[in-house]
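Asks: Here are the chains, one letter per residue:
Number of protein chains: 2
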Amino acid sequence: MRKEEDFSEWYGSVIEKAELRDKRYPIKGMDVWLPYGWAVMKRIDQAWREEFDATGHREVNFPLLIPETEFKKEADHVKGFESDVYWVTHGGLNPLDVKLVLRPTSETAMYPMFALWIRSHADLPLKLYQIVSTFRYETKMTRTFLRVREIHFFEAHTAHATFEDAEQQVQEDLQIHERLMRRFCLPYLTSKRPDWDKFPGASYSLGADTLLPSGRTLQIATFHQYRDNFSKVYDVKYEDPSGEHRYAHQTTDGMSERIVGAIVAVHGDEKGIVLPPEVAPVQVVIVPILEKGRQEDISRAARELFQSLQSQLRVHIDERDLRPGEKFYHWEARGVPLRVELGPKDLAKGEVVVVQRTNGEKRSLAVLGLAARLKSMLELIQVEMFARAEKAMKDSVTAIARLEDTRDGINKMSWCGREECGLAVGERTGMNVLGTPYYREAASGKCIVCGEPAKDVLYAAKAY
Amino acid sequence: MRKEEDFSEWYGSVIEKAELRDKRYPIKGMDVWLPYGWAVMKRIDQAWREEFDATGHREVNFPLLIPETEFKKEADHVKGFESDVYWVTHGGLNPLDVKLVLRPTSETAMYPMFALWIRSHADLPLKLYQIVSTFRYETKMTRTFLRVREIHFFEAHTAHATFEDAEQQVQEDLQIHERLMRRFCLPYLTSKRPDWDKFPGASYSLGADTLLPSGRTLQIATFHQYRDNFSKVYDVKYEDPSGEHRYAHQTTDGMSERIVGAIVAVHGDEKGIVLPPEVAPVQVVIVPILEKGRQEDISRAARELFQSLQSQLRVHIDERDLRPGEKFYHWEARGVPLRVELGPKDLAKGEVVVVQRTNGEKRSLAVLGLAARLKSMLELIQVEMFARAEKAMKDSVTAIARLEDTRDGINKMSWCGREECGLAVGERTGMNVLGTPYYREAASGKCIVCGEPAKDVLYAAKAY
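Line by line, the protein sequences are chains A and B. Residue 438 in the numbering used here sits at position 438 of the first sequence, with consecutive numbering throughout. Residue 228 in the numbering used here sits at position 228 of the second sequence, with consecutive numbering throughout.
Treat the hints with caution; some may be incorrect.
Which copy? The list can't say, so a pair holds if one copy fits it or any two copies do.
[What the hints assert, rightly or not] Restricting the straight-line Cα-Cα distance to at most 27 Å, the calculated cross-link-like pairs of lysine-lysine (BS3-like) are:
(1) Lys292 - Lys42
(2) Lys72 - Lys23
(3) Lys192 - Lys327
(4) Lys375 - Lys349
No lab work stands behind these hints, which were simulated from the structure alone.
Just chain A, same shape as in the assembly (with noise of 0.2 Å):
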C-alpha cells in the first residue's frame, strides 16, 4: 500500500507491521504499547532526558490526580480543560468528598508545590520537567500516537524572577527542540499561536508544527510564557534581594507521543515505518544467511561480528529459523536502517553485504573495520533523512493572495493583524491557522482578508 494514495490507512497498517501498537484494547484511544513500540519510545524519552538534563532541568514525578478545588483555580485554565478532563468521583464503594481530575497537564498538580518550594530569588530559576502519561476525553475520531485519550507526555515547567528571564527559557526551549527534532528527523515551522489560540491561562503559546505526507500539519511541540498569570492564583512568590515579594514568572515546553506518528509518517515507505538511527532501538540487524553444509561455519561467523558491533552499536543478531526472506520482511517494516548479511561467498571473501534501509542500497563491505564504516553510514542517514524530510516541507509552501488559493501543505498569508481577519482566514478557508512566524518575517501587500496593508504574516494548513 502505498501511503500517498490513502495516507490513513496506511499509517494505520504501517503501524500494526512494525507492532508498535496495539488498538484491540477496549477502550478506544488507549492503544496497548508493544515492546517494539515500547522501545522507540523510550528512545524518545532518553532523548529528552539528556536535553533537558543537559540544561540544568531536574526530572520530577507528580501525581496523577489533581484534586477538584486546585483544578479549579485559574479560571482560563479550567474553562479550556473541563469538557474534556475524566473524573475520579469513587473510591471503592463511596464516593469521594472531593472529586479528582486526571491530570490533563500539570499546571494545577504543579504550582501549589512551587509556591511551597519558592522562598527567595536564590530559588530561581526552578527548572523542571516529567515524563508521565496525560488524560483527555477525547470526542473527536481516535487516532494512534496522534489523537489519544492517553498520551504519553513530556512537560518542563519553569518559575524565574521575571519576565526576561522566562523569555530566556523559551529561547533555551527552542534551542532545546532545534536539537531534539534533529534527533528525531523532524522538520517543523514555529509559529506564535493567535491569541484565540493559546494555551488556556498563558500570556502566549508558541507551536512547532510539522508536516504529515497527507498535506496535514501536526503540532509536535509547544513552548508558553504565562507571565506571572498562573503564579498570582497559586501564590508563587519570593523575596526578592531587597525584601520584597515579587511573582514568578513561568513557562512550560511540552511533546508527547506524536513524536513517534510523526516520524511512522514522515519516514515510512511501502514496506513500512523508517525509523531515523537516533531513534532506532536496532540500528543494525545481522541476518545469517545459512547454506546447506555451511551452517555452522556462518553461524559462528554472524555471532562474531554480532559481539564485536555490540559495544559501539545497537546491534541485533536474528537467527530465528526462517528464510532470509521472511526476516528481512520483518525488518524493513520494523524501520531498522542497516541489515548485514552474512552469506558462505562473503564469509569467504571476509566481506558483508549491507543493506540500506532507506533507499534498499547494498553494498558490500569488508568485516574489517566494519563497525567505523556503519557507524558513517547511520550519520549520513540521518542527515539524509532530516533534510528529505524538511525539503518536502519546505516546498509545501505556497504563498497565496487570495483565500480561494489555499492548498494542501502550509499556506502564507499577508494579513493586517486583526482577529477578525485572523478568523476569517480559518472560516472561510475551513484550515487551521496556525499564527504568525516566530522568526518574524517582513510582511508585504495587503491583508488577505481586509486588503488593509499587512502587518504580519499568517500561517494556514489543515491540521491534525
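Place chain B on chain A using the hints.
Replies: Coordinates of chain B only, in the frame set by chain A:
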C-alpha cells in the same frame, strides 16, 4: 534523632532531609517525587529492566484505565479489590457508559489482550513486564513508600503451556530477586502465604519479607502462580502440537516503591539515609576544601579529579558557595556512599581524603589510581551493607513454643497445617501470619495452637 527510639518519626524526618519525596501534596498518600528521590527510583527501575530483559522478558505499557466489564470477570479478583479501587465515572461533564477503574494491578487489563496474542504453543512462553503507577484507595494511615495510594509498581506477567512451565517461571523469578535484592542490600525471607491470604485469583502466592528496624516485616516482592484460573476467565488458550486447544498457565511477579522505603529504613542512621552503591545516583561526591589564596589551584585539581572519575563512577562535584561542613551534612543526609575531600595539604601530597558514609572512616588515598580504589571500596560497601542487614534479620528470628512468647521480629513456630490453627495464631497474637518457609524446613514438635503433631513451620510477625 535515633531510629531505635522513635522509628516512625525518624523515618519521616530522614526522607524529608534527603529530599526524596514531598508529602505536602494535597492528596494524602500521594507524595511528590523530588528529583533526588526520583533518581533513586530510576536506578531501581534500571536494575529491574536489566534483570528482566536478560531473562527474555519484554517491556510493554498497558493503559491505566480498565473497563468495569473486564475488571469484574474474575470473581475472587474483583472481591479482593473492589473496595479499594478508584472509579472514573465521568468524561468531561457527562457520565461514562462504562465506568473505568484505575488499575490496582494489571491482570484484567492484560489478559484480554493475551487472549488475542496467544494462538499456538509457539507463542509460549509469553514473558512481559511493565513499570507503571497503580492505585489503591487506601483507607488506613498512609506512610511514604510503604503504604500509599499511587504506587510506583513493577509487574511481570507470563503465560506458559503447562503448570510445570509456570512453576519453572516462579523459580526464575526467585532467582531474579536473589540478584535484585543483593543490589538493593535487602535480605528477605521467602514464605508461601497461607491459603487464606493469597492474592485474589491465585492458586498460591509467595511473599518476600524483609525486616525493618521497628521490628516489623515489610513485604517487598510477591510471586503468584495462577495456574489456569485467569486464562479460563479471559479465554487465554493455545493450540498444542496435536491440534488440541488448552488453557495457558500464568504467573506474576510484583515489586514496588516499597524497595526505596525498605532501603531507607534498613540502612539509614541518625545522619540520614544510606544508599547501597548500586542504587546511589551519586556514588562519590567531591568536596574541594578551599583555602584563601589557594582557591584556584584546588578548584582546578578538584575538577580534573571529577573529569578523571566521571567515566567510571557516578560522581558529583559540589562547587556551591557553602562551608565544607554544610556540604558534608548535605551529602550525608542523602546517603552518598563516599565523600572525597581535596584540600591544600592533600593537593601538596598528591592525595585526597576519602570518607565512607556507612561508618565515617577516613583514609588518605593517592590520586594516582584513585578510580580503581574507589570502585573496590564501593564493592566492599555493597557486600558489607547486605551482610549486616542479613545478620540483623537472622538474629531477629525467634523460635517460640507458646503464643504468649511472640516478640518483635520474626517468630517461628510449629504448625499442624490446619487453617483454623493458622488463623488462631494471627488472632491470638495480633501478628500477621507470613506463611510457611518456601525453602522447606523440617517441622518438629507440636502445633503451637492445638498441640497435635506439627506438619510445617509457620512464620509470624507484625507486618506493615
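Asks: Look at each hint and say if it fits the structure.
Replies: So, going through the hints one by one against the coordinates:
no. : hint            : result
1   : Lys292 - Lys42  : neither (40 Å within a copy, 48 Å between copies)
2   : Lys72 - Lys23   : between (33 Å within a copy, 22 Å between copies)
3   : Lys192 - Lys327 : neither (46 Å within a copy, 44 Å between copies)
4   : Lys375 - Lys349 : within (22 Å within a copy, 44 Å between copies)
The structure shown violates the earlier hints numbered 1 and 3.
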